[in-house]
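Required output: the full structure, derived from the provided sequences and hints.
Read top to bottom, the protein sequences are chains Y and V.
Residues 0 to 378 in numbering that gives the first Met the number 0 are what the first sequence spells out, letter by letter.
Residues 0 to 378 in numbering that gives the first Met the number 0 are what the second sequence spells out, letter by letter.
Hint data in this document are derived by calculation from the structure and do not stem from the laboratory.
Note that the structure is predicted; figures quoted are calculated from it, not measured.
A portion of the hints provided could be inaccurate.
Chain copies aren't distinguished; within one or between two, either way the pair holds.
Unchecked claim - Think about it this way: if two alpha-carbon atoms lie no more than 30 Å apart in a straight line, the pair counts; the simulated BS3-like pairs of lysine-lysine are:
| # | residue 1 | residue 2 |
| --- | --- | --- |
| 1 | Lys360 | Lys222 |
| 2 | Lys86 | Lys159 |
| 3 | Lys159 | Lys288 |
| 4 | Lys360 | Lys103 |
| 5 | Lys86 | Lys103 |
| 6 | Lys86 | Lys222 |
| 7 | Lys222 | Lys288 |
| 8 | Lys288 | Lys103 |
| 9 | Lys86 | Lys288 |
| 10 | Lys103 | Lys159 |
| 11 | Lys360 | Lys86 |
| 12 | Lys360 | Lys159 |
Single-letter residue listing:
2 protein chains.
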Amino acid sequence: MAAPIRFEVRARDGAARAATLVTAHGEVPTPAFMPVGTRAAVKAMSPDELIAMGCRLVLANAYHLALRPGPELVEQMGGVARFMGFKGAVLTDSGGFQAMSLAKINSIDEHGIVFRSHLDGSRLALTPESAVRIQEQLGSDIMMSLDECTSYPVDHARAKASMELTARWARRGLEARRSATQALFGIVQGSVYPDLRRTSAEQITALPFDGFAAGGLSVGEPKPAMLEMAALSASLMPADSPHYLMGVGTPADLIACVAMGYDLFDCVLPTRNARNGSAFTSEGRVSIKHSRYLRDERPLDPRCTCRCCTGFSRAYLRHLYVSGEILAARALTEHNLFFYAGLMREAQAAIASRTYDALSKAFAAGISEVSEQAKDHVV
Amino acid sequence: MAAPIRFEVRARDGAARAATLVTAHGEVPTPAFMPVGTRAAVKAMSPDELIAMGCRLVLANAYHLALRPGPELVEQMGGVARFMGFKGAVLTDSGGFQAMSLAKINSIDEHGIVFRSHLDGSRLALTPESAVRIQEQLGSDIMMSLDECTSYPVDHARAKASMELTARWARRGLEARRSATQALFGIVQGSVYPDLRRTSAEQITALPFDGFAAGGLSVGEPKPAMLEMAALSASLMPADSPHYLMGVGTPADLIACVAMGYDLFDCVLPTRNARNGSAFTSEGRVSIKHSRYLRDERPLDPRCTCRCCTGFSRAYLRHLYVSGEILAARALTEHNLFFYAGLMREAQAAIASRTYDALSKAFAAGISEVSEQAKDHVV
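Shown next, in the form of C-alpha cells:
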C-alpha cells in the first residue's frame, strides 16, 4: 500500500532541510508556514489569494468543524479542501487543544475528553478513535493524533502522566485509522523537562506515524525553554520524516526552528495580529493605528510586493483600520501571510544553497537594526 | 476651457441611452451602477476587484470623508481615487444627506446646515460653498451640489420651500466652484408633487451644471410614486447631459429607470444586503442563512461567473455566514456587485441593439417566475 504522503528531502544545511511534501492534494515545498483556517476559512482571505501567494497547505481545526457544520456535512461536500474551495492540501488538528482551551471540560481520563460545546453547551466526547474518525470524515491530507497538550507550568509528575497518556492515545489513534490516503502524525509532549521529551520522542517515534510534531510549546513557557525543548524534540525525530512545530510562532521563531530541522509551522499570529492592525514587515512590526502613519504615503513594507504594499499607503491603511473597514483586515492579513510565505521561500532557497546560517544571521541583524528604531516593535 | 467631463451618447432606444462618460480618471460606459464606497472603501471589496468586474465609477460620501480622515489629508494624498487605490473615477455626494440623516442637526437655514458630528459631537457647518470646496479637496470627478433632500411625507408648502432653497443653494455652489477638472451636478427636488418637480427641473436645468440628478426619492414614498417622479424628472432633463437617479435601487428599479433615460445609479442595497447574507441572483433573492441551503452544493447563482459562484457552494457560503466569517461578506458583496454590473452591461447591449424593451419584459417575466417559487424573495 502506497504511503498517504511522501516527504522528499531536496537539500540539507546543518539540521535544516528543504523538501517537498507530496500529498493527495498536491505538493507542498517545505519549510512551510500553514495559515490557520479555523472554521474552513483563513479569516479575511479568499482561497485563491492563498494559492496566489504560494500557500499549498492550510490548517483547519477539527474541533470547530466537528461542532459546525459537522464532519458529516464536510464529508458529503467532498472533504474540507473542496468544501472551502482551496486547491491545495489541508492539515487538521485533532480537536484536543480547542476542546481543552475553548470548551468547558467535564473530564479528561483514560477514555478521552468529555466537554461542553462553546457554541451551545451540548455535552460531547472526544477520544483518540473519534478524533481520527472525525478527521477522516473531514478528509484532510494530514491528521493529528489526539494528545493532551500539557499546560504550563506543570510539575514533573503531572507532565509525565500527561505524556504517558498521550502515548497510549497515540497507539489507539493509529489502530483506529482506516484511511489509506490521509497521513497521521504523532505528537511529542513532555513539557519543559528534557527527560520527558526524550521518553516521549522514543515512545511516539517507535509508532508507525507518517510524521512527527512537537506539541505543548508556546503555551506560556519562557522563550529560551521553548527553543530548547523544540530543538531537543526535533533532534529525536527520524531524519526522513516531516517535522511539525505546533503553534509557533514569530518570524524570528520560524527562522530559529527551521535551523533545528522543522518543516511545518502554524500560528495565528500573522492573521490575528493583522485584524488587530499589526503588520510584520522587513523593518519590524508596524502598528498601523499609530498616529505617526496619519500622513505616511509609503507602503506598509517598502520591500514587499504584495497587493497591499503595491496598492495602498500607510495613511490609507490607517484610515481603513480606524474606520473599522473590512478591507483593513483583508489587506493586513494578506500582507502578513505574504511576509511569512516569503520568509519560508527565503529559507528554502538558503537551505538549497547551503547559506542558511547567513540568512539566519542577516535576519537577526535586521531585527537588532529595527530594535534600535522602534524598541517595542521588534519582530 | 474644456469641459470637466464629456458625455458621448452611442445609442438610444426610446428614452434609454447607452453612452460613455469621459472623466479625468477614465471612461465610464453607461448605464452604470456606482458601488457605494462610503469612507473611501467599498465595504469588503478591494479596489482591483471592482476594476476586474468592470466597475469604473464609485461613489464616496463627502460627509464621512470630511469628518475622517478630513479633506485636507485626502487632497494631500492625491485625491480620493488615488487615496483608495482605485484606478477609476469617483463621484462624491455633497454631504448634505448624511448631515441630515446621521448627524444631530442644530439648524438648517438659508446659510446652510449646522450639525454635530456623529463621531465626536463636534459642531460643524455645511454650506453650498463649503460642500463644493470639500469635494474639490477630495478631488472627485463628479461633485454634487448641496441640496435639501426633502423628507417624506411632507406637505406641498414645505416641499416647495425646500425645493426653492435647493435652487438657491445650487446657484451658490456653482459660483463657489473653482476646479476646471471636476464636474458639478445639480439636483432636482420637489418630493412627490409633479408641479414642484417641474419647477425644480426648470430652475436647476437653467443653471450651467455638467449633469443632473433626481434626488429626494427612495426616502419612504410608495414605489409607484417613486417611479412616477423619477420618470417625470428624467423627462425634464436636457437630453445631452448625464442623468443620475440618486439612491435607487433594486435590480427591477434599475431596469425600469434606465428606460426613463437615467445613466447613473447608486444604492447601498447590493453591498449592505450582502453583509446581511442576502444575494441578488438570476433566480431572485437568496437569503443564504436559510437552513434549506445547509447541504446545497450548487453555486449561489448557477448562471453567474463571478469568483463567488465559480468557487463556493451555497452550503459553504451558509457555513461562512453562520460562522461570522469575513469571507461571507466578501463573497456575497462581490457576487451582488457583479450581478448589478452584469445587469448594466446587459442594459448597455440591449440599448445598442434597440432591444431594451425585450430585456425589460424578460426581466419582469423572470421576476414573476421567481415570485411563484419564493414569494418573499422577489428581486
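Results for each hint:
For the homomeric pair Lys360 and Lys222, the shortest alpha-carbon distance inside one copy (19 Å) is at most 30 Å, but the shortest distance between copies (69 Å) is not. Neither within a single protomer nor between protomers do Lys86 and Lys159 lie at most 30 Å apart by alpha-carbon distance, with minima of 41 Å and 61 Å respectively. Proximity of Lys159 to Lys288 under the C-alpha cut-off of 30 Å is found in neither arrangement, the shortest distances being 45 Å within a copy and 47 Å between copies. Taking the shortest Cα distances, Lys360 and Lys103 never come within 30 Å of each other, neither inside one copy (44 Å) nor across copies (58 Å).
Within a single copy, Lys86 and Lys103 get their C-alpha atoms no closer than 35 Å, and across copies no closer than 51 Å, so neither meets the 30 Å cut-off. In this assembly of identical chains, the alpha carbons of Lys86 and Lys222 never lie at most 30 Å apart, being 35 Å within a copy and 46 Å across copies at closest. Taking CA atoms no more than 30 Å apart as the test, Lys222 paired with Lys288 passes inside one copy only; the shortest distance there is 28 Å, against 44 Å between copies. For the homomeric pair Lys288 and Lys103, the shortest alpha-carbon distance between copies (28 Å) is at most 30 Å, but the shortest distance inside one copy (35 Å) is not.
Proximity of Lys86 to Lys288 under the C-alpha cut-off of 30 Å is restricted to the inter-copy arrangement: shortest distance 25 Å between copies versus 34 Å within a copy. Taking CA atoms no more than 30 Å apart as the test, Lys103 paired with Lys159 passes inside one copy only; the shortest distance there is 24 Å, against 65 Å between copies. When the C-alpha separation of Lys360 and Lys86 is checked against a cutoff of 30 Å, the pair qualifies neither within a copy, at 35 Å, nor between copies, at 41 Å. Taking the closest pair of Cα atoms, Lys360 and Lys159 never come within 30 Å of each other, the shortest separation being 37 Å inside a single copy and 76 Å across copies.
Figure legend: structure checked against the earlier numbered hints; hints not met, in rising order: 2, 3, 4, 5, 6, 11, 12.
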